[in-house]
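J.: Read top to bottom, the protein sequences are chains A and B.
Every number in the working numbering is 246 more than the matching position in the first sequence, counting from 1.
Every number in the working numbering is 25 more than the matching position in the second sequence, counting from 1.
Simulated from the structure, these hints should not be mistaken for lab results.
Note that the structure is predicted; figures quoted are calculated from it, not measured.
It is possible that some hints are incorrect.
[To be verified] Pulled a few chain A residues facing chain B out of the computed Cβ check, cut under 8 angstroms:
| id | residue |
| --- | --- |
| 1 | A371 |
| 2 | M372 |
| 3 | S538 |
Every residue gets a Cβ at the ideal spot worked out from N, C-alpha and C, and that includes glycine.
Single-letter residue listing:
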Amino acid sequence: MTTTSTPMTHTQQMARTARLIRITYIALLVLALLAPLLGLYPVFVMKLLCFAIFASAFNLLLGFTGLLSFGHAAFFGSAAYITGWLIKSQHFTPEVGIVAGAFGAGAIGLLIGLVAIRRQGIYFAMITMALAQLVYFFCLQAPFTGGEDGLQGVPRGALFGVVSLESDTAMYYLVVAVFVACFLAISRIVNSPFGQVLKMIRENEPRAISLGYQVDRYKLLAFVLSAALAGLAGSLKTLIMGFATLSDVHWSMSGEVILMTLLGGVGTFFGPVFGAGIVISLQDLLADKVGSWVTVIIGVIFVLCVLAFRKGVVGELHTWLERRRKPVH
Amino acid sequence: MEIFGIPHQAFLGQLLLGLVNGAFYAMLSLGLAVIFGLLDVVNFAHGALYMLGAFVAWLLLDKLGVNYWFALVLAPLTVGGLGVVIERLFLKHLYKLDPLYGLLLTFGLALIIEGVFREIFGSSGQEYPVPELLQGATNLGFMILPIYRTWVVGVSLVVCLGTWYLIERTRLGAYLRAGTENAPLVQAFGINVPVMVMLTYGAGAALAGLAGVLAAPIIQVNPLMGSNLIIVVFAVVVIGGMGSIMGSILTGLGLGVVEGLTRVFYPEASSIVVFVIMVIVLMIRPAGLFGKEA
Chain A
247 MTTTSTPMTH TQQMARTARL IRITYIALLV LALLAPLLGL YPVFVMKLLC
297 FAIFASAFNL LLGFTGLLSF GHAAFFGSAA YITGWLIKSQ HFTPEVGIVA
347 GAFGAGAIGL LIGLVAIRRQ GIYFAMITMA LAQLVYFFCL QAPFTGGEDG
397 LQGVPRGALF GVVSLESDTA MYYLVVAVFV ACFLAISRIV NSPFGQVLKM
447 IRENEPRAIS LGYQVDRYKL LAFVLSAALA GLAGSLKTLI MGFATLSDVH
497 WSMSGEVILM TLLGGVGTFF GPVFGAGIVI SLQDLLADKV GSWVTVIIGV
547 IFVLCVLAFR KGVVGELHTW LERRRKPVH
Chain B
26 MEIFGIPHQA FLGQLLLGLV NGAFYAMLSL GLAVIFGLLD VVNFAHGALY
76 MLGAFVAWLL LDKLGVNYWF ALVLAPLTVG GLGVVIERLF LKHLYKLDPL
126 YGLLLTFGLA LIIEGVFREI FGSSGQEYPV PELLQGATNL GFMILPIYRT
176 WVVGVSLVVC LGTWYLIERT RLGAYLRAGT ENAPLVQAFG INVPVMVMLT
226 YGAGAALAGL AGVLAAPIIQ VNPLMGSNLI IVVFAVVVIG GMGSIMGSIL
276 TGLGLGVVEG LTRVFYPEAS SIVVFVIMVI VLMIRPAGLF GKEA
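Excised from the complex, chain A in its bound form (with noise of 0.2 angstroms):
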């Protein structure tokens, strides 16, 4: 392929990609703020970035920190309820339900993840799996959060009291500007001397140990602000849709969140954000057609996934292009 050119030094290549990224990233976006004059249905776009705040979030955990949590529903759906809560309930406007909601979900983080650092691997997954069970009693039986039915008819308010989010396109952008909040959150947080810590637990925790680290800490810190940011997305969802019902905090919601980073690439930046779009859209085009044959197709992806595609979409698309890079012998 380099035929033509001349070989380029590595520098220069990085430079190339970075450049290329960032092209990528602005299309992106330009895409997302003329979504609504493209004619895509803003509500579907809403909900596809609201689950991709979701799967980036729980991204920070299993592919920033190496950490499996099986019980990232309970953050989704409390936050979500919180939210729900507020508003409905208590009259508070849009933002303070959000901010609350995403405080919410960190501090039930918080004691989740006290519980759940003490062991690792596939026992931190199977405790993260039970503490959120926990917190769906509690959502089933609590006398605020409507039991069975959950809260319906969420109203969207006003942002700050003044600016009313009843018309979608309002409620769009503030859905995309939080999206691209976060999405720069996170990558500032990876990219941090902190991220950098995390980074170093995934690839050798007893080294970090013995390099000094409070190991507990730095996996803590990132177990919080992963819930809040997930929270961030279970509130957003309920501003969306208008609802906070059981199936937010069910342990099906766990498993959807990690095979949206799974399918996209875990440890990339993009992959859950694609993944997100690949299960939305599936459950979207699916839903009405297939009943309840959508289980079992989530159920396929997800084995295909961890067989043949471990790295996921983004991850295969790094890869590939890491190959084209390198001189042929």
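Place chain B on chain A using the hints.
T.: Relative to chain A, chain B alone:
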């Protein structure tokens, strides 16, 4: 007569119910522990296999008229056979990878199995009658003892202790334990480890299937019966630690009883008591009650 202010009939009744649940916890966590020991896979599909056992029994009776006693043998064999197929088709490709992939793969399998059954049979439950021989109850004077529930506890105790004996006291069990410690070395001694691994997964699946058949007459047979149970069983496994066979059995039975007693004294908490105990155990003894690692 009253025990702690509760009529003793109700108290003993709940105690037996707790023991029945504990018997299922014990059988399922035992299977999980055996599979994890040799394969390093946390089998999320265990709940789905348990459901499958119950459904095979129900289908045998409903479609072919095959009674409970044959189902007690045929259903675990079917589920065990499916387990062997799963191991050969999927799991054997994952042994060199992080154990988390095993969990994710079996999670996907559980979704597939459950989804298929929900599509065919719907979410509502199917009745499975208690076999004639085990119907009714005996009056022991101080309590009425339902025969079928007693039978379930008895069978599962025999099966659990039998499995313990097989693993801890026989030559085959010695191979299995050696394989858990160091598979390549066992292979070098001329034991066919891949076949042993395959049969172990099959046996664990069959154990789940047997639990399903035993459960069929007690609860409604429905596609979601496994996934609700498996999360509790995960908590049981975390509490007990997966290192010890006897530990799994004791923890399972014990937690069933605790759950039963909670239902007597504070019913609202009965669905979460196992999770709360898990939190307490993790705080005091992170490796679990019978766990080996520090």
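J.: Next, verify each hint and record whether it holds.
T.: Results of checking the hints against the structure:
no. : hint : result
1   : A371 : holds (6 angstroms)
2   : M372 : holds (4 angstroms)
3   : S538 : holds (5 angstroms)
Of the numbered hints stated above, none is contradicted by the structure.
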